[in-house]
Every structure is written in C-alpha cells, then in structure tokens.
Amino acid sequence: MTWWDALVRAGAVPAAFVPPASMGRPDADDGAVPGADLIEGDALHVHPVAPAASPPASFLDGIEQWKVVGYDGVLPVVRAYVAGAVRRRGPDRRLRTAFEAARDFAVAPLAAMAPERRRALVEHCPDVVEIELGEGGEGAQPGRVLELARRAVDSARGALERELAERCLAGMGEHEWLVVDGLLSVSGKLAGHPRALGVIKSHGAQFFTGADLERALTVPAAHRTSVFRARGGHARNAVYSWYLRLWPWEGNDLLYGLVRIEARADAATVAAATVTSGWLLAERAPLSTPDARWDRLLYPMHDVETYLRSRAPRDLLAHSASRLPRTGT
Amino acid sequence: MIARPDPPLPIVPIGRVVATELKPATPHQFHFWTANETSIGIGAIVRVGEGGRVVYGVVTDGFAYSDLATPLHDVIGAQGDPARAAASPTVRQEIRYWTAAVLRQIPEEPLQPVPLGQVFVANDLDVAQALRMDAYLHSATPTAIPIGLYSSGGLEAPVYLDADFLLGPEAAHLNISGVSGLATKTSAVEFLLAAIFRHFPPHRGKVAAVCFNVKGPDLCFLDQPGELSDEDRRRYELLDVPAAPFERVRYFAPLKADGVNLNTLRTHPDLVEAVAPLTWGLQEVVDFAEVLLNRDDIDAKADAFIDFLRDRVLGRSFDDGFGNEHRVQTFADLDRLFRSIFDGLELSGRGDMWRTHHIATMRKVRNRLSNISTRCKGLVTDDGPASDLPWGTFEDRAVYVIDVANVDPLGQDLVFARSVSKLREHLERRDLGVDAVVVFVDELNKYAPGDGPETYVKKMLLDISERGRYLGLVLFGAEQFRSQVHRRVVGNAGTQVFGRMDMDELATPGYQVLSPATKIKLATLPVGELMVRHPHFTQPIFVRFPKPPVLRGRDGMERFPAAVDLAFDDAVARQLVQLDRGIRPNQVKDLIADRTEEDVRRALAAVRQKRPEDVLAYFRKALGGRVAPDAPRERRAVPPLNPISDEPY
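Quick note, the sequences are listed as chains W and F, same order. In this text, residue positions in the first sequence follow our numbering: the first is 2, and each later residue adds one. In this text, residue positions in the second sequence follow our numbering: the first is -11, and each later residue adds one.
Simulated from the structure, these hints should not be mistaken for lab results. From a predicted model like this one, the values you see are computed outputs, not experimental measurements. Virtual Cβ for every residue (Gly too), placed ideally from N, Cα, C. It is possible that part of the hints are untrue.
[As the list claims (entries may be wrong)] Which residues of chain F face chain W? A partial, calculated answer using Cβ under 7 Å:
id : residue
1  : Gly65
2  : Pro77
3  : Thr78
4  : Val79
5  : Arg80
[Stated by the list, open to error] Which chain F residues face chain W? A few, computed with CB under 10 Å, are given here:
id : residue
6  : Ser54
7  : Thr58
8  : His61
9  : Ile64
10 : Arg72
11 : Ala75
12 : Ser76
13 : Gln81
Looking at chain W on its own, in the form it has when it is part of the complex (with noise of 0.2 Å):
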C-alpha cells in the first residue's frame, strides 16, 4: 500500500492534479534586486567569439516533478520527485552517467492537517517535507499551499543537485569541467572551483540598464559580453558572469540564443572567457530538438533531462488525453 493509499483510508479525498508549474524545474532567477560590476575593461563591451574544441566535460541538470494526491480538506499533499543526474562525455563523444540520485517524497502542511491523515501520512511515508504555513495556518489557502510545496520542492532538487555537484568535482580530472544547468552561485564549492561552470537559460533579472542593458541584450550570435560581477541575490557565492549568443536573435526574440555563464571570481576566468565561451557555442550542435528551449539549451543538458525523465515515475506525469472513457469507437 503507497503512502497515498493509506492517507486517503485516513480519510483524505484521493486527488490526481497536476499543476501547469509542476514539471520540469524552474530556471528562474531568485528575484532580487540585480546589479552587475563590470570586471572586464571599463565599458561593457561585445567580443567575438570562435567555435572551439570542448576539453573533457560532465554535465549536470535535474528534474522535478509533483502533484497532488489528496486533500484533507482544503489543504493539498504533495507527492513529489526530484532527481539530478552528472552525464559524463567519453572519448566517443557520448554521454554516460557518472552520478546520479533521486528523492520521492511527500509535501504536505503537517501541522495544519487532522490528526488522523497527518499520523497516516507520517507513519507510511519516510520521507515527509513539511510545509510552514506561518500564522493563522488553520485558514490557509490552497493556492498558497501550492505555491510552498513548489518552492520545497524546488529547495530539494536544488539540494540534490548541489550534492552531486559536490561529489563530481571531487572526483573531477584534472582537465575536466563540469556544467552545471542554472545558477554556480547556490554553492560555495561549486562557485569556487576553476572549472566549473553555470549555463542560465532564463533572464528573470537584468543586471544593467540603459545602453549596457541594450548592449548585453542585443549581443550578436557568437559574440560574448564583458566579463562582471553579478550583484544582488545572485550573489549568495561571488560569481563572474557575462553574456553569450548561441544563434541569432534578429527574427526572433531577444533573449533568442542568449544563455549566462556564471563561473568562478578570478582573473583566470577573465582570460580564458573567450575560450571557454568558444567551446561552449560550440555545443550548439547537435540541436536539443524537439526542445523548446533548444536555442539555449545545450545537447549535453538536454541528454542528462532525457535521460532523467525517462527514469522518472510515470504516475506523476500529467495526462496527455481526458481521463474520460473511451468510446468504443
């Protein structure tokens, strides 16, 4: 019997909702009040960039997935998945996972649930996330449940990912780097280390205004910005950042093609930007279609998401047709 059977015995109301927010994992950024200090040159400037052969790589991404089982009451529990995997790139040019982990677990306001469902969900379930409702709990509303149990949800996956990141760079090689999908700033080691590196694929926050926001933001294909320091809650680990353009924006959109690195705080990183962004556009190819993020995600990223999801508990994906019977037609 699954946690979620026994909840509903305890008298929860079986549910099978999952919400639009729920799959995959969130590339936004934390929301803070940007700012950026230019480390490269006095002006931000746009640098051309060359494709050029990537040294040794792993590459780190992960998933998560949730949705709601039951209800006591009005409060939704969560039955949540997250998983990260290292996806490691041999000599043949293909991808093998060097490390991988995974947690599937329940979410859910224990403290504001009836004692009946809260001991059912703790004493069959070993691995519960508690939600906070904070004061005046008793009257919480679904939605802002929701809203927590995203957030926990994505804390557990960013956990697991930064672990993995951990134990890869501990037994990285010595020419080897690691890219990681998101922010290098949510970890210290992670943030410090030569060769590691952050791909951010979405542009919640602006660093700059005005003509650098314009220049930052209307940078050609295969052209890379100055090198700065990202400020503001981007900051948790200091991080150099800077602009790259995989595929032309002009026809599209801006952020088209725009991707932001994100690698450690030293004068080395200034140096070798160029470099390292010539290897990285050239992972462009092979396209990360049918993604529809395919023109900032990278294949290698794209392969580890894959290959995550095809790992993943099916029961957790949403319908793809009406639940409905089918005729017999």
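Chain W is fixed; fit chain F onto it per the hints.
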C-alpha cells in the same frame, strides 16, 4: 542419439523488449532495443525470458535512429556544413531497435503476447528449442540431418532438418533457389546429400541419390576430393559430416553419335572407368513414345497403332500377314517389319489398310519412331541391347549421376521420364535396392516452368512432388527463379532453401512474407550461406554450410580435362580394356579391323550388358564369324542331258 550440448553458461542480456501502443508486442512479433555496439543482426535468434515464459524469436528487421526531430535540425546544427556535423562535441542519442518474429513460445498455451522482458542471445540449446529441433534431435530414434550452422555473434549452432519432413513420409522434397554462377545451389545439395548419407536414420532403411547433370561438368567429380579450408573442416566436424568425397558414385552418360565415345565431360583416362554408357533400345523407348512425339503426332489412330506394336509385336514372334515371321527387338527389326508390311500391301494390292491401321498412320509412326533413333543417336540405339542403370541393385548411400548435359533436349526429356518412371516402379514394388531415392534436378525453370507447354518431364516432376513422398521418391529441385517454376512443384517442397537472390525475383509476390531487411540480406548473401524454411521452423533461418568436400566442376575440368574423342577402334578397345585389364588393345583392333561399325557396336553393347568373365571371348562370339569374301568361283555350265532321241515323246 545425437549428444545433448552442455547446459549453457549464464549470459548477460543484450537487449530489452519494448512495446508501445503503436508498436505493441504480439504473440507473433516483438520489438527490442540493444546497445549500439551489438553482435546481433538480421537472422539472429534471441530468447526472451520473463515470468516463467520463454519466447524465442528471429530478428527480421532492424532500425537505427537518433533523437533528431527532423533532418533539417541537423543541417541547422551544422550550419549547412557536413564536416561540422561530424565534429559536434556530443553524439546524439541513438537507438538500435529490432523487430523479431516469434519462433516458439514455452509454454505454448495459452498463446500470449511476448512479455516485456530481457533479451538474450540464443545458445546451442536455445537454437534447438527455438527451431523445435529438440523433438527429433534428442529422441530415441533421431531423424535429424544437419543442413548448416546458424551463426551469430560468435556463436555457432548446428541446424538440423527432420528426415521425416525432408525425405518423407510426413513431408518431403527440397527446393533451392538462387542466382546462377555462385555455385551455391549445387554445393548446398552436395553438402546436404553428404549429410543425409551420414545421418539418415538406420531405422528408415537405405537411401541413394540420382542426380541429373544438366549443365557442364557440375556433378562430374563427386568422387574426387576438393580443397577445403581449415574453417570448412571445423564446420564439418561441428556438423558431424565426413569431409570426404562420396564413396560410391556411378556415372551414366549416353554415347556420342559415333556410338563408342561417351557424351560427357568426364572422359579423362583416370576417371572414365567409373562412367557407364547409357543406351536404350526400342524396348526401353517405346513405352515413352509420348515423351518423344509431340501431341500433334499422337492422334488417336497413331496412339492405337503404337499400342498395337507395344502389345502385340515387340519382343514376340509376329506374322505380318504376308508370310514373313518377325521378332522385333530393335529399331532395325521394326524398320524391317514396316518395310515388309508396306511391300506386302503394295504387292498384294490389298489396299491401304493393314489390320485396321491405315498405311498413312503406319508411315507416320514409322517416320516418327525412326526419327527418335536419329535425333537421340548415342542414347537410343538402332539395334543392340541396352545399357541401363542398375535397377533393382541400387546401393545404399550411393550416388548415381546421369549426365545429360550434352544431350539433345528431346533426349533429356526421355532420360528424365524413363529414369523417374523406373524409379517409381521399383520403389512401388520395393525392389530397387534402397528404400528412398533423392532425385536432384537442376534448372527447374527449364524443366518445370510455371507457364509454357505441358511436357512429359513437367508431368513427371509434378508426379514426384505430389506423390513421391509415399514411395520414398524425393525431389531436390534447383532453379534460379522460384517464381517461374510450377507452383505445385515448389509448393509441395516441404523444405525451401534460398541462396543469393535477384532483387527482381524478390519483388515478386512469393516473397511478400519476408521483411525488407530479410530481402536485402537475401540479395547480398555470401557464398555458403542459405536461408532455410522447414516445416518445423516457423520463420526462415539463415545458416552457413561448409564448402562441399568434392571437386567442383570447373576445378575438375582443370585437373581432369576431358579426353579427345578416340578413333572408333581405339574407343572400342578402351571400353573392352576397362572391362578386362588383360585385354591388349591390338587384339581388339585386329578383331574389328574389317567389320562394320554397326556389328562392332552391337557386339560391344552385348558385352557391356552381359559383363562376361572372358570379355574378349564373348565379344568375339557376339561379333559373329567372319565371312571371308571368297573370290567368285567359275560356275561350270551344266551340260544338257543327252537326248534319248530326237523324238519329243
């Protein structure tokens, strides 16, 4: 009993069955994926094991694809430069995806879709199970006959046919198709005959083979060893078939028009001894007159007259009604009878009818029959006894090769028809000397075409195909285009074998059951590899057979080139010397120095048939006394009687 192989060692899975709504697993087909680097290919046998159910399948198709959504994305990724595409830092995810047809499920009931389990490469034991060979391979009275080695991924497992389904009585006959010039068809049959001779179950009695050599020197050197590689010898060892030429081979070939030289390519002095002449006289031919005469000739009246000759005249003392006694045993005797009748009718003025037969009908029959001995000269003799196959004394595990490669098509028809008829007669009476006979006929496109006129040979081949298995008369037929052979001939063949096939042939409806990949494999099969269909196998299986241990025709011609035709007296002398090594050729030459060739041929035929202890004496006797041409003696006039008187009274 054939030894059971050792139990298999544990093996690691090479793939996993996958099924989607669009491509589900069914009771007859399943799909699985493997690593990109895999040893299996089209024709490989695999085993699926899951939950107590074991499914064996043979790979019929293979697919490889990547996660590329559209080819255009590859172009974009490489920016239109193919060189860049190859240089991308990461290789796309690829899949090796295979389709397999189910060979067998254990348990067989209830028949269910193939479980989504692990896939293993089949081992020896699996191959035997998959092909249902276990029933006849490991029984108390095994009937397994090896046809080749199944090989895949370094594994080699013998594949066996069931003698009950190859040589009867359950099913019978074998048909082999393949393009010409690769020596696959003939080689396969030669190997299979060797395998039959080695493995034909003792409880099924004796077996022999009659092979018609219809082109070149194909089957002329079955008793001579050919060159074998170590690899071939190893295969022979695995299949438990001796890597040696056939021990008992007898050759039969008609004579050439000169009546003394053999009409075959096996005339090298070292080998010609094993060749016996094949000559037939009137008695042997007349029963097959309809083979030699076309339907326009054989109207009801002519047919009735031939019946009359057969029933009332041949081999009997017969009065022609004009005071002449005849004993018709040869074409020459028959011609004398006809002349006597025609002369008699003409002189007696009794009109145009003789014993209810019109003179025109008789003339036509005479004309056609005498034409036979002209067209088939060397095979059909005007006079003299016949030299024939050893009906009634066929030897176990012997091959009888009838070389008709250089014979007129009419003569070939006659040889086929009569030989097969005699085989059938003797097998029906169980007095052939063996219990089963394999008849090998190549070029079925010529002898049993799907369209064209109804020939006697085609009728004979149909007859063997449809009724032969009850008698132990088994047809091994070969052709280039199976689609153009009579449907009942190929349809009745329980075992079908395919060598390399022509793509045009594979496009015909008969091959629609094969997957495109199997067709491609068939079109590119290397020499020595075959696809086999057998009643026990639910799917075609690819096997590899060793090169036959006999000298190939072409090689044989290089090593044993045909001898130049001998002069008449030399040829006669050689034939007699073959029968008795003590005879000196000059003795023979002196004996026949001034005898007519007809007399010599007749005497020689008599010796061949009789095979006496004292060959030369018998030959001399058969030749008859020499009638010396005496000088004409002066005839003295007989003086008139003295008149008693002048008186007339």
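Each hint tested on the structure:
1. Gly65: holds (4 Å)
2. Pro77: holds (4 Å)
3. Thr78: holds (5 Å)
4. Val79: OK, holds: valine 79/F within 7 Å of chain W, min 4 Å.
5. Arg80: With a closest approach of 5 Å, the arginine 80/F hint holds.
6. Ser54: holds (8 Å)
7. Thr58: At 8 Å from the nearest chain W Cβ, threonine 58/F passes the 10 Å test, so the hint holds.
8. His61: holds (5 Å)
9. Ile64: holds (6 Å)
10. Arg72: The hint holds - arginine 72/F has a Cβ within 10 Å of chain W, the shortest such distance being about 7 Å.
11. Ala75: Nearest chain W Cβ about 8 Å off; hint holds.
12. Ser76: Result: holds, 4 Å to nearest chain W Cβ.
13. Gln81: Hint on glutamine 81/F: holds, closest Cβ of chain W at ~6 Å, below 10 Å.
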